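Peer 1: Based on these hints, arrange chain B on the given structure of chain A.
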Amino acid sequence: MMGSGNCLSKTVAFLFQRMKASALLQDNRFFVAGNEAPVAPKRARMLLPRRRMPHAPVMLLATVIAIFSLVPLGFIGWITYDVGWETVKTLVFRARVGELLINTVLLESITIPLSIALAVTLAWLTERTDIPCARLWAWLAIAPLAVPAFVHSYAWVSLIPGMRGLESGVFVSVLAYYPFLYLPVAAALRRLDPAIEDAAASLGLDPWRVFFRTVLPQLRFAICGGSLLIALHLLSEYGLFVMIRFDTFATAIVDQFQSSYNSPASNMLGGVLVACCLFLLGLEVLLRGNERYARVGSGSPRPADRRRLGWFLGPAILLPVLLAVLTLGVPLLTLGRWLYLGGSEIWRIEVGSAFLQTMALALAGGVLATIAAAPMAWLSVRAPGRFQRLLEACHYYVGSLPGVVVALALVTITVRIVLPLYQTFATLLVAYVMLFLPRAMVGLRASIAQAPVELERAAMGLGRTPGQAVRQITMRLAAPGAAASIALTALGITNELTATLMLSPNGVDTLATKFWSLTSEIDYVSAAPYAVMMVVLSLPLTLTLYTQSKRTAGQ
Amino acid sequence: MITAVNRFSHVLALAASLLSTTVLAGSANAQDEGLVVYNAQHESLGREWIDAFTKETGIKVTMRQGGDMQFANQIIQEGDASPADVFLTENSPAMTLVDGAGLFAPVEKETLDQVPEQYRPADGMWTGIAARSTVFAYDKTKLSEDKLPKSLLDLADPAWKGRWGASPAGADFQAIVAALLQLKGEDATKAWLKGLKDNATPYKGNSVAMKAVNSGEVEGAVIYHYYWFGDQSKTGENSKNVGMHYFKNQDPGAFISISGGGVLKSTQHMKEAQAFLKFVTSKAGQAVLKNGSSYEYAVGKDAPSNDKLVPLADLNAPKVEASTLDSKKVVELMTAAGLI
Numbered sequence: 001m002m003g004s005g006n007c008l009s010k011t012v013a014f015l016f017q018r019m020k021a022s023a024l025l026q027d028n029r030f031f032v033a034g035n036e037a038p039v040a041p042k043r044a045r046m047l048l049p050r051r052r053m054p055h056a057p058v059m060l061l062a063t064v065i066a067i068f069s070l071v072p073l074g075f076i077g078w079i080t081y082d083v084g085w086e087t088v089k090t091l092v093f094r095a096r097v098g099e100l101l102i103n104t105v106l107l108e109s110i111t112i113p114l115s116i117a118l119a120v121t122l123a124w125l126t127e128r129t130d131i132p133c134a135r136l137w138a139w140l141a142i143a144p145l146a147v148p149a150f151v152h153s154y155a156w157v158s159l160i161p162g163m164r165g166l167e168s169g170v171f172v173s174v175l176a177y178y179p180f181l182y183l184p185v186a187a188a189l190r191r192l193d194p195a196i197e198d199a200a201a202s203l204g205l206d207p208w209r210v211f212f213r214t215v216l217p218q219l220r221f222a223i224c225g226g227s228l229l230i231a232l233h234l235l236s237e238y239g240l241f242v243m244i245r246f247d248t249f250a251t252a253i254v255d256q257f258q259s260s261y262n263s264p265a266s267n268m269l270g271g272v273l274v275a276c277c278l279f280l281l282g283l284e285v286l287l288r289g290n291e292r293y294a295r296v297g298s299g300s301p302r303p304a305d306r307r308r309l310g311w312f313l314g315p316a317i318l319l320p321v322l323l324a325v326l327t328l329g330v331p332l333l334t335l336g337r338w339l340y341l342g343g344s345e346i347w348r349i350e351v352g353s354a355f356l357q358t359m360a361l362a363l364a365g366g367v368l369a370t371i372a373a374a375p376m377a378w379l380s381v382r383a384p385g386r387f388q389r390l391l392e393a394c395h396y397y398v399g400s401l402p403g404v405v406v407a408l409a410l411v412t413i414t415v416r417i418v419l420p421l422y423q424t425f426a427t428l429l430v431a432y433v434m435l436f437l438p439r440a441m442v443g444l445r446a447s448i449a450q451a452p453v454e455l456e457r458a459a460m461g462l463g464r465t466p467g468q469a470v471r472q473i474t475m476r477l478a479a480p481g482a483a484a485s486i487a488l489t490a491l492g493i494t495n496e497l498t499a500t501l502m503l504s505p506n507g508v509d510t511l512a513t514k515f516w517s518l519t520s521e522i523d524y525v526s527a528a529p530y531a532v533m534m535v536v537l538s539l540p541l542t543l544t545l546y547t548q549s550k551r552t553a554g555q
Numbered sequence: 001m002i003t004a005v006n007r008f009s010h011v012l013a014l015a016a017s018l019l020s021t022t023v024l025a026g027s028a029n030a031q032d033e034g035l036v037v038y039n040a041q042h043e044s045l046g047r048e049w050i051d052a053f054t055k056e057t058g059i060k061v062t063m064r065q066g067g068d069m070q071f072a073n074q075i076i077q078e079g080d081a082s083p084a085d086v087f088l089t090e091n092s093p094a095m096t097l098v099d100g101a102g103l104f105a106p107v108e109k110e111t112l113d114q115v116p117e118q119y120r121p122a123d124g125m126w127t128g129i130a131a132r133s134t135v136f137a138y139d140k141t142k143l144s145e146d147k148l149p150k151s152l153l154d155l156a157d158p159a160w161k162g163r164w165g166a167s168p169a170g171a172d173f174q175a176i177v178a179a180l181l182q183l184k185g186e187d188a189t190k191a192w193l194k195g196l197k198d199n200a201t202p203y204k205g206n207s208v209a210m211k212a213v214n215s216g217e218v219e220g221a222v223i224y225h226y227y228w229f230g231d232q233s234k235t236g237e238n239s240k241n242v243g244m245h246y247f248k249n250q251d252p253g254a255f256i257s258i259s260g261g262g263v264l265k266s267t268q269h270m271k272e273a274q275a276f277l278k279f280v281t282s283k284a285g286q287a288v289l290k291n292g293s294s295y296e297y298a299v300g301k302d303a304p305s306n307d308k309l310v311p312l313a314d315l316n317a318p319k320v321e322a323s324t325l326d327s328k329k330v331v332e333l334m335t336a337a338g339l340i
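Each protein sequence line maps, in turn, to chains A and B. At position 16 of the first sequence the residue is numbered 16 (our numbering), and the sequence of numbers has no breaks. At position 306 of the second sequence the residue is numbered 306 (our numbering), and the sequence of numbers has no breaks.
This is chain A alone, in the form it adopts within the complex (with noise of 0.2 Å):
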């Protein structure tokens, strides 16, 4: 019966969640549902062969990969020590960060509010509804995912070009990020068992409490990850602030990289930002607290019935077509026109050998991230423990750190130490992985997890090394999940602008550059091309993903 949108999102949720309950150290209980395969039960351990697979080479790859995605923040700790305490207090406690500092909880505390509550919304009239069209609307839900935030607001700015500061900065961010919100959360409403909401009805309590008592208290994992997940965007998008111009701390750093390379005053901005990321984590695992929700019991929970709109069904269909057209029609809108009024002769030869680079850039760094990735992935399943754990902190916390915290720690290191990486593919790569490590690991992780230990037992008990074993057995089993990493990692680096910006070697264009480049010579007519192309680029990303999550989920 699982709709093909239902099946993406649902997915896509899920590595969401994962992602953010490994982060935070927290035990799995909750996702262990459905999609996990647990450790195998004593006994049939006890008849199998107690040849296990090594895992201190693993151990060993994983830990030097955890130390690479250290060295950001290892560099920052450095930098503040080297410069010295007087340098620090002048630098940080000045009135510009104050600013800076305001600007972003204001951002942060109007845009998540909002999202959560459009999220919801939307959510709800999708999945327990009978909106006609629900799965369409679905779609066009998650749809403007594909927009990279930049092109967002570049649409709306060429459509109102008096937008700016906090108020833009807000309508701009909620737009571009609430899919990150919905996806989650419309996973988790599909799957709650709707035996409780029966339970409160029965009890007497009307529809809207029943929402409000029962319902909403379970999509608090939902929420808390999604909104840590766009908490996190906001402090690191750049290009979209800068549309609309409203000050943040990865706008300022970029102003201070252009007028001193990397300075102090930049490199502590950098720390400044890193210390709001921590703060936002730790306020998540406070906000989430620990509860958990789940069907005791044998059997599985029906379906929830959708609920009849009757009259409220006219006024209901206006919320998904509206955001619709602001976060899907504006955008095509706005390039329709500037492609329109630039004619042919805008689709120079750049254009296309920046599609290329930018195409072999993606994939080059999302399989290396996948490859990066597969130790730990493939450690927190078979060999959970206190250290991998640790480990696997590593692995998703630098995925938290701004683009140009990253680049801004690779610019320094490899200038003043190994120059021989100075400006050349491998240090970008080096960033791209660091920076989407996380993606390449949910994926990753989620069909590993789906790959049952008893049968590279089994293939072991045949005579098989361990090594062949996993090779021939868990590798191939997740390998649909490992295409869906490539993509997820792939469609990132698409889109990433900032630490391309500075890292890129000699003579690169990304689309995203170029159109950077463009834009900020106000010529938007010259950058509506690449705006085109990045997300024809991202088409086959997402439906790569679309396809190997629906296989990962048995399809």
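None of these hints come from the bench; they were simulated from the model. Keep in mind the model is a prediction, meaning the values are calculated, not measured. The C-beta atom is built at its ideal place from N, Cα and C for all residues, glycine as well.
Chain A stretches covered by chain B per the calculated footprint, using a threshold of three residues with CB under 8 Å from any CB of chain B:
| id | region |
| --- | --- |
| 1 | 94-105 |
| 2 | 260-266 |
| 3 | 518-525 |
Peer 2: Then chain B, alone, in the frame of chain A:
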């Protein structure tokens, strides 16, 4: 499942081959980049010069795009290992910074002879390649001639609160501040920057600031002249309400900023690098400024600028010694003022 695995291995194989081509292409590039130019000039202008140079000499040039001060500091950190052979800027403070670090090779005499003395530093370690004039771009529908500021310094006055804009993070603006610092001293500059922080709306980029004037967000903006001419030559969409006010009278606001070009001492291609700089300042190179879309002033001897521009000689600019503009101090003052 078999198909899934097959397809996956296809994807993997494709990605692996792409990866290797990228990396190979990368290392091949490293050997065959030709001349590397760190271009802080506008990308389009840098591109025009490079294309014309390659066409004339057949020498391959790779351009890296960035900002004045970003590159200047970057080159200093890279030191002898800098991949750059030539450095082009929009303004001179960045050149001064690199020159101060002793990283430039002397510019060939023939090149220097192509540029009048007032447009290059006395030490001959770099040369002017173009010039730009500070202007106050204002909203013609809101401000009449008599209401315009007489001096750049007037804009710090509370009367101008909320009425003007600038792009303080950009090299262009920082060059103007550097000129102010040289002409009026540190205290006056600090006071003016404080006025700027209180009064002005910060924009990212001069074109964006001009666009804001055009759309009526602010009444005026301190920018350089050629953004207006550039826009007028295209659709005029971002400047149709905008007028240009030249401060003249040797006011700090009449500052002429010299774009610089220099050859790095560490270059492995000294001959080609010098040839490039010679080309940029030659008749052919300066003609790019007259005929191209940049609308910057040509600075070569007997090299005419675009006919549409107010002649350089008529601008009555203040006397500023380009080779001593102190960019470090400017960034320090601006950081302290909370502008960046």
